[in-house]
Amino acid sequence: MTDDSGGTGDGDASAILIPLHEARSARLDQPVRFDRRELDQILRLYGRMVAANEWRDYAIDHLTDRAVFSVFRRASEVPLFQIVKDPKLARKQGAFAVIAAGGRILKRGQELGRVLGVFDSKLRVVEA
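Just so we're on the same page, the working numbering is the position in the sequence shown counted from 1, plus 81.
Rather than coming from a laboratory, the hints here were simulated on the basis of the structure. Watch out, some of these pointers could steer you wrong.
[To be verified] 25 Å max Cα-Cα, derived SDA-like pairs, lysine to any residue:
{"#": "1", "residue 1": "K169", "residue 2": "E192"}
{"#": "2", "residue 1": "K173", "residue 2": "K188"}
{"#": "3", "residue 1": "K169", "residue 2": "L187"}
{"#": "4", "residue 1": "K188", "residue 2": "F200"}
[What the hints assert, rightly or not] If you anchor each label on the Cβ, the simulated ranges turn out as follows:
{"#": "5", "residue 1": "D146", "residue 2": "G198", "range": "20 to 28 Å"}
{"#": "6", "residue 1": "R155", "residue 2": "E192", "range": "28 to 36 Å"}
{"#": "7", "residue 1": "D138", "residue 2": "E103", "range": "39 to 47 Å"}
{"#": "8", "residue 1": "E135", "residue 2": "H102", "range": "42 to 50 Å"}
{"#": "9", "residue 1": "D138", "residue 2": "E208", "range": "34 to 42 Å"}
{"#": "10", "residue 1": "E192", "residue 2": "I99", "range": "30 to 38 Å"}
{"#": "11", "residue 1": "E135", "residue 2": "A96", "range": "50 to 58 Å"}
For each residue, glycine too, the CB sits at the ideal point set by N, CA and C.
Build the full structure now, drawing on both the sequences and the hints.
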C-alpha cells in the first residue's frame with residue numbers, strides 16, 4: 082500500500098526535453114556579459130586608478146557580440162580606455178582586449194589579469 086501521488090502524479094514530469102537548437106538560440110540571443118570574477122578584477126583596477134586620480138567615471142555595455150567596460154576621465158568625454166570581452170576571438174587572438182581612445186589595441190589575450198597588466202606602472206631607474 083504505497084502512495085505515489087506525493088508529486089505531480091506523473092513520474093516523468095521532471096524529464097522535460099528541450100531541442101538543442103532551441104537551447105542554443107536562446108543562449109545566443111542573450112548579450113555578452115562580464116562574469117563576477119572578471120568584473121571584480123576590472124573594478125579593483127578601477128578603484129586603484131580612481132584613488133590615483135586618473136579615472137573618474139565608467140560605463141558598462143552588454144552588446145550582442147561583446148561586452149565593453151569604458152573608462153572616462155570626465156563623464157562628458159570619449160572613453161580613455163575600453164576593456165572589451167569578445168568571445169568570438171577567444172580561440173584566435175584572445176577574448177579580452179584593452180583599447181585606447183584612438184582605437185589602438187594596447188594589449189589582447191586569453192586571460193583578463195594579464196591583459197589588465199598593461200595598466201601596471203613599471204619601475205624605472207632614474208638617474209640624478
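How the hints compare with the structure:
At roughly 15 Å between alpha-carbon atoms, K169 and E192 fall within 25 Å of each other, so this suggested pair holds. Distance restraint check for K173 and K188: the Cα-Cα separation of roughly 14 Å lies within the 25 Å cut-off, and the hinted pair is therefore satisfied. Straight-line distance between C-alpha atoms of K169 and L187 comes to about 19 Å, which keeps the hinted pair within the 25 Å bound. The hinted pair formed by K188 and F200 meets the criterion: a straight-line CA distance of about 10 Å does not exceed 25 Å.
Between D146 and G198, the C-beta spacing of about 25 Å keeps the proposed range 20 to 28 Å intact. With their beta carbons about 31 Å apart, R155 and E192 fall inside the hinted range of 28 to 36 Å. Here the CB-CB span from D138 to E103 is close to 40 Å, well matched to the stated 39 to 47 Å. Between E135 and H102 the beta carbons are some 47 Å apart, a value that agrees with the proposed interval 42 to 50 Å.
A hinted range of 34 to 42 Å holds for the C-beta pair D138 and E208, which are about 38 Å apart. At roughly 33 Å, the beta carbons of E192 and I99 sit within the given window of 30 to 38 Å. Range check, E135 to A96: about 55 Å between beta-carbon atoms, so the 50 to 58 Å window is met.
Of the numbered hints listed earlier, not one is contradicted by the structure.
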